[in-house]
Amino acid sequence: MSGKTANMKVVEGSYAVAHAVMCCRPDVISAYPITPQTHIVENLSQMVADGELNSKFLTVDSEFSALSVLVGVCAAGGRGYSSTTSQGLALMNEVLYNVSGMRLPIVMNVANRAIGAPLNIWNDQQDSIGARDVGWLQIYCEDVQEAVDATLQAYKIAEDKEIRMPAMVCMDGFVLTHVYEPVELLDKEKARDFLPDFQPDNILDPAHPKTFGAFADPSAFTEFRYQQFEAQQKSMAKIEKVAREFEEVFGRYYGGLLDGYYLDDAEIVIVSLGSVVGTIKDAVDAMRAEGKKVGLLKLRCYRPFPVQALRKALKEASVIAVIEKDVTIGCEAGLVTDLKASFYNSNIRTPIIGFAAGLGGRDITIKDIRNIVAKAEAARKGQQPEFEFLNLRTEIL
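In terms of our numbering, the sequence shown has 388 at position 388, counting the first letter as 1, and numbering is strictly consecutive.
Careful: at least some of the hints might be erroneous.
Straight line, CA to CA, 25 Å or less: simulated SDA-like cross-link-like pairs of lysine to any residue [as the list claims (entries may be wrong)]:
no., residue 1, residue 2
1, Lys-241, Arg-192
2, Lys-241, Tyr-344
3, Lys-315, Ile-329
4, Lys-312, Phe-221
5, Lys-234, Asp-133
6, Lys-190, Lys-375
7, Lys-188, Glu-12
8, Lys-238, Ala-341
9, Lys-312, Tyr-344
10, Lys-375, Asp-282
11, Lys-9, His-178
12, Lys-312, Leu-263
13, Lys-375, Tyr-344
14, Lys-381, Glu-290
15, Lys-241, Asp-264
16, Lys-210, Phe-221
17, Lys-210, Leu-263
18, Lys-241, Val-307
19, Lys-381, Asn-345
20, Lys-293, Glu-377
21, Lys-190, Asn-54
Here are the computed distance ranges between Cβ atoms for each label pair [claimed, not checked]:
no., residue 1, residue 2, range
22, Ala-289, Glu-240, 45 to 55 Å
23, Lys-188, Ile-329, 37 to 47 Å
24, Lys-161, Pro-182, 35 to 45 Å
25, Lys-188, Leu-392, 46 to 56 Å
26, Lys-188, Gln-227, 31 to 41 Å
27, Ala-341, Ala-49, 19 to 29 Å
By construction, these hints were calculated from the structure, which means they are not laboratory data.
Think of the CB as a built atom: it goes at the ideal place given N, C-alpha and C, for glycine as much as any other residue.
With the hints as constraints, model all of the structure from the sequences given.
Okay, structure coming up:
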């Protein structure tokens with residue numbers, strides 16, 4: 001983070017993100033309140049009511065409607081924004097596919113929360129990881145400052161004429177949405193210079209009638225999907241470029257697709273994403289002080305999945321431990337599965353073990369990270385299962 005400035009404030013994470021959205025100047029904000037996303041949209045509603053933000057704020061009957069409204073907004077040439085979490089994101093599922101298939105660059109903050117049943121309002125990342133195949137870009141944030149900055153970056157990436165894909169900016173619910181911490185709020189003029197007004201090149205226009213996403217028969221459907229796939233692949237270079245452009249203007253850089261911490265000589269590498277990265281860094285510092293060659297790879301961009309960048313960053317590791325706040329019922333968890341798949345056709349044969357951790361808001365502590373490193377050391381000798389639920393309470397099973 002840069003040094004203290006006039007824009008540095010101690011604010012709630014949700015307010016900081018709402019302020020960032022205001023600096024992005026959406027034409028329409030459409031949302032339905034759901035914990036722990038609520039404060040983001042409440043703040044935006046207040047900004048519109050106070051005349052601070054010149055946008056149309058629409059209160060709708062559901063998350064399905066919230067995103068459906070933005071399909072029309074964006075197809076007609078407007079910049080759209082929404083925010084949701086958990087069951088709300090699940091309710092949007094049909095529309096998520098439509099948005100990406102129609103190549104509409106909507107940006108949405110996801111306040112990551114467990115998804116029921118059983119009902120749980122605390123943080124994990126099952127909601128957005130479960131939506132990894134809907135065609136949206138996904139950026140995961142370590143802290144509030146990154147969530148602020150990634151929101152502005154996401155619009156610049158999504159609206160690029162070569163990309164034209166929607167984006168989720170994922171921030172851990174409560175852990176980041178409700179925390180108060182020092183944040184450098186975006187300067188409105190700098191943000192305007194960094195993110196120009198939306199310039200769509202294909203919109204609904206009564207003078208030139210056309211349809212969006214209406215019908216594709218077998219002779220063309222594959223090509224539509226290929227274009228989406230190709231746009232996601234192209235977006236990797238754009239994500240890196242925008243991250244560097246942002247650094248030039250605002251002085252902050254988080255990595256583009258990923259970021260390494262003590263990776264150069266690391267024998268044991270932990271791979272993770274989201275706010276738990278901060279805890280892992282503290283654990284790595286402590287173990288480094290003890291002479292242990294432990295490092296961290298923070299995955300910032302989960303979709304598109306940066307296969308080549310991951311191979312390059314992890315090729316020297318002796319063992320890799322993946323910590324993630326989700327589980328794929330029936331097949332380990334999302335990130336560890338994708339990481340193993342990305343190594344399959346390479347010459348990297350590093351042992352990879354996975355941990356489903358922090359589900360439903362359970363704490364992940366430095367002690368837990370130390371235990372995971374010990375298990376990673378055992379994995380090098382073939383003495384550790386490939387996947388486990390961290391701190392499983394067998395006494396209540």
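Hint-by-hint comparison with the structure:
1. Lys-241 to Arg-192: Roughly 18 Å between the alpha carbons, so the hint for Lys-241 and Arg-192 holds.
2. Lys-241 to Tyr-344: violated, 28 Å
3. Lys-315 to Ile-329: violated, 29 Å
4. Lys-312 to Phe-221: violated, 34 Å
5. Lys-234 to Asp-133: Status holds; Cα separation ~17 Å.
6. Lys-190 to Lys-375: Not OK: Lys-190 and Lys-375 at ~47 Å, beyond 25 Å, violated.
7. Lys-188 to Glu-12: holds, 19 Å
8. Lys-238 to Ala-341: holds, 24 Å
9. Lys-312 to Tyr-344: holds, 14 Å
10. Lys-375 to Asp-282: Holds. Lys-375 to Asp-282 sits at ~18 Å (cutoff 25 Å).
11. Lys-9 to His-178: holds, 15 Å
12. Lys-312 to Leu-263: Within the cut-off at roughly 11 Å; holds.
13. Lys-375 to Tyr-344: Judged against 25 Å, a Cα distance of about 23 Å means the pair holds.
14. Lys-381 to Glu-290: holds, 22 Å
15. Lys-241 to Asp-264: holds, 23 Å
16. Lys-210 to Phe-221: holds, 18 Å
17. Lys-210 to Leu-263: violated, 51 Å
18. Lys-241 to Val-307: Given pair Lys-241, Val-307 holds - Cα atoms ~18 Å apart, limit 25 Å.
19. Lys-381 to Asn-345: holds, 23 Å
20. Lys-293 to Glu-377: holds, 11 Å
21. Lys-190 to Asn-54: holds, 18 Å
22. Ala-289 to Glu-240: 45 to 55 Å: violated, 32 Å
23. Lys-188 to Ile-329: 37 to 47 Å: This hint holds: roughly 45 Å between Cβ atoms.
24. Lys-161 to Pro-182: 35 to 45 Å: holds, 36 Å
25. Lys-188 to Leu-392: 46 to 56 Å: holds, 48 Å
26. Lys-188 to Gln-227: 31 to 41 Å: For Lys-188 and Gln-227 the Cβ distance comes to about 35 Å; the hint holds.
27. Ala-341 to Ala-49: 19 to 29 Å: violated, 48 Å
When held up to the earlier numbered hints, the structure conflicts with 2, 3, 4, 6, 17, 22, 27 and fits the remainder.
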